[in-house]
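Enquirer: Sequence order for the protein chains is A and B. For the first sequence, position 19 (counting from the first letter as 1) is numbered 9 according to my numbering, and the numbering increases by one without interruption. If you want my numbering, it's the position in the second sequence, counting the first as 1, plus 167.
Errors might be hidden in some of the hints.
As a list, the in silico SDA-like pairs of lysine to any residue whose alpha-carbon atoms are at most 20 Å apart [to be verified]:
no.	chain 1	residue 1	chain 2	residue 2
1	A	Lys4	B	Asn256
2	A	Lys89	B	Ala299
3	A	Lys4	B	Leu317
4	B	Lys347	A	Leu(-7)
5	A	Lys2	B	Glu203
6	A	Lys2	B	Asn236
7	A	Lys2	B	Val247
8	B	Lys334	A	Ile78
9	A	Lys2	B	Arg295
10	B	Lys334	A	His95
11	A	Lys2	B	Arg304
12	A	Lys4	B	Phe248
13	B	Lys334	B	Asp321
14	B	Lys347	A	Gln99
15	A	Lys4	B	Asp291
16	B	Lys347	A	Lys4
17	A	Lys4	B	Ile259
18	A	Lys4	B	Ala320
19	A	Lys2	B	Asp327
20	A	Lys4	B	Arg339
21	A	Lys2	B	Met207
22	A	Lys89	A	Gln99
23	B	Lys334	A	Glu(-6)
24	A	Lys2	B	Arg252
25	A	Lys2	B	Pro288
26	A	Lys2	B	Ser242
27	A	Lys4	B	Lys334
28	B	Lys334	B	Glu350
29	A	Lys4	B	Arg338
30	B	Lys347	A	Gln(-2)
31	A	Lys4	B	Arg252
32	A	Lys89	A	Ile78
33	A	Lys2	B	Arg296
34	A	Lys89	B	Leu293
35	B	Lys334	A	Leu(-7)
36	A	Lys2	B	Glu350
37	A	Lys2	B	Leu293
38	A	Lys4	B	Arg295
39	A	Lys2	B	Met289
40	A	Lys2	B	Phe248
Note that these hints are calculated values from the structure, not bench results.
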Amino acid sequence: MNLEHELQHALKRKSPASGFDERVLRRIASGGTIQAPPPPPARWARRALPVAASLALAIGGSYYVQQQRHKQAQAEQAARDVVLALRIASEKVSAVQVKVQEISHHERQVDY
Amino acid sequence: MQTAAAPANAPRALADDLVAQARAGSEAAFAEIVREHQSMVFGLAYHFLQSWSQAEELAQEVFVALYQNLARIESPRHLVFWLRRVTSNRCIDWVRSPRFRREVPIDELHEPGAMPRLRDPMLDALLRRLVAELPPRPRMVVTLRFQEDLDLADIAAIVDMPLNTVKSHLRRSLEALRRKLAERGHIHES
């Protein structure tokens, strides 16, 4: 490896973030106040991101569980309503059947 | 500062004219000077400080100082010498000031659209890190030598050191770099 050649590559000139000339001019106009370029993600942001993600997951998860419970309760109520409706219908059918049998029995007695 | 509206497709003004126009108060001429030299100033600061944000801050300060000292600039050649000298001095002062914050450089940051180089990016990053571990003055000598491709007499004039001191800093820095690279298995010590 040619160290000097490698150093020339590694230490090439580097351009600042775009708009550097405008930031310099703004800084001159503002009397020397530093003009910040668009910042890279700050260290606190990199740390806060997993916490925020966990929080969002926990809140989202809790909401999802609540929604599921609510849906399950609604489904159970609907099932109960259906059973009740079937029971009522069944009772009505039985009553009609008894009535039909009574009429049929009465007609047979009249025939004899 | 007054604004000189130059047509975007106007032929590039001579560097001499740019300095004269900037001295006369042309914001457009000064902005052109900044654009022309920003990679030199920012590059020196970045390779020296190994911090994008601190290099940005320092480079802005250098150009603000240039604006305040435009009357002293005699020629485009003097402008380049002045920028290199002020950047070097400010870099060395910076690492001794409370403003200096040692940071882990993010070498993966590229300007949007930049093409990846077909070289070992790990070796480049390692070399930059090893250069950043050198003491401030030798580090600036190495940075000026390899970023700006300057001869040792020019470097001596910029950092205001005797030529033999510059030679000694460069020789010992290269020895240290070779040794550290050999320890990491990148080169074989002869």
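Enquirer: Each hint needs a verdict: does it hold in this structure or not?
Expert: Outcome of the hint check:
The hinted pair formed by Lys4 of chain A and Asn256 of chain B meets the criterion: a straight-line CA distance of about 19 Å does not exceed 20 Å. For the proposed pair Lys89 of chain A and Ala299 of chain B, the alpha carbon gap of about 103 Å is over 20 Å, so the pair is violated. Pair hint Lys4 of chain A plus Leu317 of chain B holds up; C-alpha atoms about 17 Å apart against a cutoff of 20 Å. A C-alpha spacing of about 12 Å is found between Lys347 of chain B and Leu(-7) of chain A, which places the hinted pair at or below 20 Å, so the restraint holds.
As the CA atoms of Lys2 of chain A and Glu203 of chain B are separated by approximately 16 Å, the hinted pair is consistent with the 20 Å bound. A hinted pair counts as satisfied when its Cα atoms are at most 20 Å apart, and Lys2 of chain A with Asn236 of chain B does not qualify at roughly 28 Å. For the proposed pair Lys2 of chain A and Val247 of chain B, the alpha carbon gap of about 17 Å is at most 20 Å, so the pair holds. Distance restraint check for Lys334 of chain B and Ile78 of chain A: the Cα-Cα separation of roughly 106 Å exceeds the 20 Å cut-off, and the hinted pair is therefore not satisfied.
Annotation: proposed proximity of Lys2 of chain A to Arg295 of chain B holds, straight-line Cα distance about 10 Å (limit 20 Å). Of the supplied pair hints, the one linking Lys334 of chain B and His95 of chain A is violated, its CA atoms being roughly 129 Å apart against a limit of 20 Å. Distance restraint check for Lys2 of chain A and Arg304 of chain B: the Cα-Cα separation of roughly 19 Å lies within the 20 Å cut-off, and the hinted pair is therefore satisfied. With a C-alpha separation of about 18 Å, the suggested pair Lys4 of chain A and Phe248 of chain B falls inside the 20 Å cut-off, and the hint holds.
Our distance criterion of 20 Å between C-alpha atoms is met by Lys334 of chain B and Asp321 of chain B, whose separation comes to about 12 Å. With a C-alpha separation of about 120 Å, the suggested pairing of Lys347 of chain B with Gln99 of chain A is violated against the 20 Å cut-off. With a C-alpha separation of about 13 Å, the suggested pairing of Lys4 of chain A with Asp291 of chain B holds against the 20 Å cut-off. Between Lys347 of chain B and Lys4 of chain A, the direct Cα distance comes to roughly 25 Å. Violation of the 20 Å bound is thereby established for this hinted pair.
Under the criterion of a C-alpha separation no larger than 20 Å, the hint pairing Lys4 of chain A with Ile259 of chain B is consistent with the structure, at around 19 Å. Simply put, Lys4 of chain A and Ala320 of chain B have alpha-carbon atoms about 24 Å apart, too far for the 20 Å limit, and the pair is violated. Of the supplied pair hints, the one linking Lys2 of chain A and Asp327 of chain B is violated, its CA atoms being roughly 23 Å apart against a limit of 20 Å. A hinted pair counts as satisfied when its Cα atoms are at most 20 Å apart, and Lys4 of chain A with Arg339 of chain B does not qualify at roughly 26 Å.
Annotation: proposed proximity of Lys2 of chain A to Met207 of chain B holds, straight-line Cα distance about 9 Å (limit 20 Å). For the hint pairing Lys89 of chain A with Gln99 of chain A, the CA-to-CA distance comes to about 16 Å; that is within 20 Å, so the pair holds. For the hint pairing Lys334 of chain B with Glu(-6) of chain A, the CA-to-CA distance comes to about 15 Å; that is within 20 Å, so the pair holds. Taking the CA atoms of Lys2 of chain A and Arg252 of chain B, the gap is near 18 Å; set against the 20 Å cutoff, the hint holds.
Between Lys2 of chain A and Pro288 of chain B, the direct Cα distance comes to roughly 13 Å. Compliance with the 20 Å bound is thereby established for this hinted pair. As the CA atoms of Lys2 of chain A and Ser242 of chain B are separated by approximately 25 Å, the hinted pair breaks the 20 Å bound. Distance check on the hinted pair: Lys4 of chain A and Lys334 of chain B sit about 25 Å apart at the alpha-carbon level, beyond 20 Å; violated. This hinted pair does not check out: Lys334 of chain B and Glu350 of chain B have alpha carbons roughly 24 Å apart, beyond 20 Å.
Our distance criterion of 20 Å between C-alpha atoms is broken by Lys4 of chain A and Arg338 of chain B, whose separation comes to about 25 Å. For the hint pairing Lys347 of chain B with Gln(-2) of chain A, the CA-to-CA distance comes to about 18 Å; that is within 20 Å, so the pair holds. The hinted pair formed by Lys4 of chain A and Arg252 of chain B meets the criterion: a straight-line CA distance of about 18 Å does not exceed 20 Å. As the CA atoms of Lys89 of chain A and Ile78 of chain A are separated by approximately 17 Å, the hinted pair is consistent with the 20 Å bound.
Restraint check: the Cα-Cα separation between Lys2 of chain A and Arg296 of chain B comes to about 14 Å, which is no more than 20 Å; the hinted pair holds. Note on Lys89 of chain A and Leu293 of chain B: the hinted pairing is violated, with a Cα-Cα distance of about 99 Å set against a maximum of 20 Å. For a cut-off of 20 Å, the pair hint linking Lys334 of chain B to Leu(-7) of chain A stands: about 17 Å separates their Cα positions. Taking the CA atoms of Lys2 of chain A and Glu350 of chain B, the gap is near 25 Å; set against the 20 Å cutoff, the hint is violated.
Taken as a hint, the Lys2 of chain A and Leu293 of chain B pair is honoured in the structure, with Cα atoms around 14 Å apart against an allowance of 20 Å. Our distance criterion of 20 Å between C-alpha atoms is met by Lys4 of chain A and Arg295 of chain B, whose separation comes to about 13 Å. A threshold of 20 Å between alpha carbons decides the hint, and for Lys2 of chain A with Met289 of chain B the separation of about 15 Å falls inside it, so the pair holds. Among the hinted pairs, Lys2 of chain A with Phe248 of chain B is consistent with the structure: their alpha-carbon atoms are about 18 Å apart, no more than 20 Å.
Hints 2, 6, 8, 10, 14, 16, 18, 19, 20, 26, 27, 28, 29, 34, 36 from the earlier list are contradicted by this structure; the remaining hints agree with it.
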